[in-house]
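**Q** Each chain is listed here by its residues.
Number of protein chains: 4
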Amino acid sequence: MYSFRNDYSEGAHPAVLNLLQETNFVQSIGYGEDEYCLKAKELILQEMAPEKADIYFVSGGTQANMLAIAAVLRPHEAVIAAASGHICVHEAGAIEATGHKILTTVAPQGKLTAELILPLLKAHEQDHHMVKPRLVYISNSTETGTVYSAEELASLREFCQERQLLLYVDGARLGAALTAPHNNLTMADMAAYTDFFSIGGTKNGALFGEALVIKNEILKNDFIYQVKQRGALLAKGRVLGLQFLALFSEGLYYKNARHANEQALRLKEGLLKRGFRLYANSSTNQQFVIMPHSLGKRLIEEYQCELWQVTEQEMVLRFVTSWATPEQAIDELLGDLDQSGI
Amino acid sequence: MYSFRNDYSEGAHPAVLNLLQETNFVQSIGYGEDEYCLKAKELILQEMAPEKADIYFVSGGTQANMLAIAAVLRPHEAVIAAASGHICVHEAGAIEATGHKILTTVAPQGKLTAELILPLLKAHEQDHHMVKPRLVYISNSTETGTVYSAEELASLREFCQERQLLLYVDGARLGAALTAPHNNLTMADMAAYTDFFSIGGTKNGALFGEALVIKNEILKNDFIYQVKQRGALLAKGRVLGLQFLALFSEGLYYKNARHANEQALRLKEGLLKRGFRLYANSSTNQQFVIMPHSLGKRLIEEYQCELWQVTEQEMVLRFVTSWATPEQAIDELLGDLDQSGI
Amino acid sequence: MYSFRNDYSEGAHPAVLNLLQETNFVQSIGYGEDEYCLKAKELILQEMAPEKADIYFVSGGTQANMLAIAAVLRPHEAVIAAASGHICVHEAGAIEATGHKILTTVAPQGKLTAELILPLLKAHEQDHHMVKPRLVYISNSTETGTVYSAEELASLREFCQERQLLLYVDGARLGAALTAPHNNLTMADMAAYTDFFSIGGTKNGALFGEALVIKNEILKNDFIYQVKQRGALLAKGRVLGLQFLALFSEGLYYKNARHANEQALRLKEGLLKRGFRLYANSSTNQQFVIMPHSLGKRLIEEYQCELWQVTEQEMVLRFVTSWATPEQAIDELLGDLDQSGI
Amino acid sequence: MYSFRNDYSEGAHPAVLNLLQETNFVQSIGYGEDEYCLKAKELILQEMAPEKADIYFVSGGTQANMLAIAAVLRPHEAVIAAASGHICVHEAGAIEATGHKILTTVAPQGKLTAELILPLLKAHEQDHHMVKPRLVYISNSTETGTVYSAEELASLREFCQERQLLLYVDGARLGAALTAPHNNLTMADMAAYTDFFSIGGTKNGALFGEALVIKNEILKNDFIYQVKQRGALLAKGRVLGLQFLALFSEGLYYKNARHANEQALRLKEGLLKRGFRLYANSSTNQQFVIMPHSLGKRLIEEYQCELWQVTEQEMVLRFVTSWATPEQAIDELLGDLDQSGI
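Residue numbers (numbering that gives the first Met the number 0), protein chains in the order written: chain R, 0 to 341; chain L, 0 to 341; chain G, 0 to 341; chain V, 0 to 341.
Pulled out of the complex, with its shape left as it was, chain R reads as follows (with noise of 0.2 Å):
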């Protein structure tokens, strides 16, 4: 059976992997100053024009989440999220790690509003013996599937820059987010509605890698020293040069990105059908479906989708598609469903 369980049980898209293969032997400098980071980047840049930023590309998302969180901040200024977001729960502190606070905030469908920020602003005001609010963090898609839209980024960022605060996206399933059906938001959105932020390469068809564009000045100011001191620089740099220049070849992550999506939509649409209701409201690749137990309990084992809560009632399960998704494999999921009598 296919597994749902996340958009990283693959390997990378054979695009990447043939680049890797091509360009072996070849002989380039290290920590990423080669020419294939520099085509990369300059690949990302002409789809934020006439915005300017500065890239690197770095292993994961936890690392990118921590080394540009902590790099802009000073030791008194704190991070404001929801309480779903990926820093607050499933980085084992690593932004604490960093000496730094997280204010949290409950978020219908993990999306932050200026609305749910102000209280946290005004609990906080001109009093030292708190720590200051200063960055916004969100993610795009969230960690329930859900977007913002260009409307919603640009309304939040003027909610921030009134504030004085900044604003970064975890981007980790940024493609998923771009690529959403009836979503307006582009790259060059991102671009000049944030401080900062990261352009997922693991989920959407690298072997690994994450892009951090930065156009904050005070973060672009020696960025390149703490890379370096989180241990995020590559000595083969290139490795995650090529892998992005696959990507964002040809629009290869934005392919990659709606295929994911249009496999979850294709589930979503047969489960609804078929009477399941949902848990979030997700246009993209994650979807949340609420299922009785002894259902619940086989998918899990054959399908091997996460368990995302649980009550005594029911469960909500996880399904995760991804480039990889064959068609197939959700008919075959909807066909084992109707088997079931349900």
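Each pair may be met inside one copy or between any two copies, as identical chains are not told apart.
List of simulated lysine to aspartate or glutamate pairs, EDC-like, C-alpha gap at most 16 Å:
#1 Lys214 x Asp53
#2 Lys219 x Glu76
#3 Lys131 x Asp221
#4 Lys38 x Asp53
#5 Lys219 x Asp53
#6 Lys38 x Glu249
#7 Lys51 x Glu216
#8 Lys214 x Glu41
#9 Lys219 x Glu50
#10 Lys214 x Glu50
Derived by calculation from the structure, the hints in this document are not laboratory data.
Dock chains L, G and V against chain R, hints included.
**A** Leaving out everything else, chains L, G and V in the frame of chain R:
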């Protein structure tokens, strides 16, 4: 011209890439719990018998060092290292960024001994106004290509145990050390004589990746949390496991290192024959040669070797070979020197 | 008018100043190894028999908390605290600045129980993508003046031991807790039921200073290094020792606290008699009273009591008494309220 | 016998204790916002005119150093200090515990100069694999009692400004430096030629306490948050303010230091007259004398002077005087030496 700048100028050994290709569409569980990681660990552990250890795969050398050192020390405990040690100079303060001081001593040929360590211990004896030395860091091979023999390592280990010091070996170039001519040190010795050590993949045929081998029981406990917290836990952990699986199958790791050493020693012999003096007594894949300025400048330009040191009279150049260095590249370099009339 | 802003508005109890005067020209050794410190520790330890502990004197409450908590935790270990806990809110992120996350739960009356802690433990069970809960932080008396009884503390202790959690009590206002009417908790209980705790001097008659009492063996080992490293080791350590010597001679510490509580409870009774409602069920030297805006504003101005909370309808004011609060100050305040016609 | 162990063996200058007594029952606001702190700051600022600065009072020297240094540096930035500097040796790794490396150079007489600093800068030029030197730390008077003149400080300042380095002076014994015979350095010079510096109270007549003087605009901004976060914000901040108020009224700070220096220099002269050699060229209240073992051992026992260094042939003893050292104590010590027949 072939570049002798370093041992990470090419991609990966073809066997590594091939294994990534072959397994590319197999789905597996994330975060290093997959079968490839397990098999790779088994292969490595076989070489350490009868010693037992935990093994973790991480992305890079600085990450391996900082992660493991920070995990085992209490806040007031310090590291002892040669002043030339990689963690002291070229890791952008990564160890200090985790809160720990490094106490250094100038070490001939980059190698620590009990005699060199003793004065540091004496100076810090039972004085809580100072840090408490707790861990000895060495690199093998060292930053100048020298190696520790089995006897030297055993002796250092004994000294450390008497003084309740932990012993860590940075093995970014461990392959080179273990295959150096006349060196009797084995992987089993490494396990027997250290508390923890790293096995470098990046500089010996992997795209990227280091294995951390942990015998120390305190460090074993909960170490995986720290891997996550420092941003070192890759979602597609298999990518690291697969590489080490390839490298530790059929002795590829040693073949790679032996090849690199052989080419370096052919270069060394050729240089000595031509009357050049050496800066360090290296028996591994880094060679440090003293050159007049005019010749040095040309070689740097043409062969991209690194300028290691410079005085008014002369230069020290570093030439590095790797698993990928063709025999012919050495021949051409030596031939070039002959034609230079030196 | 007498200020009810807090319990650190005056200098020190005269006995403290007198002892500083009397001993002023005696020469003694530095850094807390003097005879006054030793005597003060003996006096405190007598009250804890048969328990044994190490005692350190430091300058302030935040320092005591951060120093002790950071010293006992490994990097991935986290603190559990009530959301209202001092370390969560009013220490400017001092705990996070040492690298540790605080997991919070909303606790009625600011008091933690096994029932409140359990869901946090469940949510973090054996998942190394999250921090590992390791230490329970409570304050006694709490931030709203409530107290833990001997039974409550013993029960929490038992729960912690079953779950391998350490228990730390922030005793910035421990005197108030131990002398609260009907509270059966003793200093010996504190030693019996915790791993470490602080005894606040600043808010109970000292110029400044807190005693850290440490039973936990891991924490004992080398703790003095950490005192130094966090900037908490005073050269003239005697200044702290002398103050605790004065406070723990002839029960002055308890007399001071009892006086503060008595005045606060006279105020409480007077307020209840006059029909005011209370915000918290405090039996100690902080009282939280609900007031209409107009009266509240006047009292804040005249008596410098703190505005604790404000809604559209009413205000919550905090009144704090201390060892220095004259009986007459309470009488005058109540008399004033009578004349206000409320 | 009078103890020459250090300058913090007694309590406080009587004027300090008296002011604490006189004001003891005045109620004031907490956390250093009281009138005594304000007045003390005004007095100190008058001596710095026309320079302006922010002033904070904290508990101790290590706290002052670590707090201020950590507040001004970004994570990858490092400190430059003499190898003998207090922060390098005797602060238990407090600076590294905040994440920053200290780069050291051996400095004759414990004093840094442009010439000594330059090689460190060169070695770290634009290489992000290393830390970035950003702050020069000096102590005045130094750890061996030597002083910087106004010209030396001005010259260091100029060098730092050219190189975009911040300059911090650890003034734990600043009084001794400013009143050293023939030293033309003034408090106004200190303000003119540094980015920030400390004024030591503990070793010059206070019970405890150091003033941090901050001119640097980056550091000024939000500094108070860091004071709180590092546990350095005393609830009864007035206790520090009152002490500095007493010390900076009627020049007491300078009188105290001058007295200490005079006694030390009487001792120095007496020692030289008797044929002893000195280890350091100190013009302040610490004197370092070379002694034969037999005499040295006796003096350590009887006068509690500190054993600074020991070789097979001889010992170096440190004698420290203070505001409290009676003239007679010097006379007796010299008389004792006469009777020893040396």
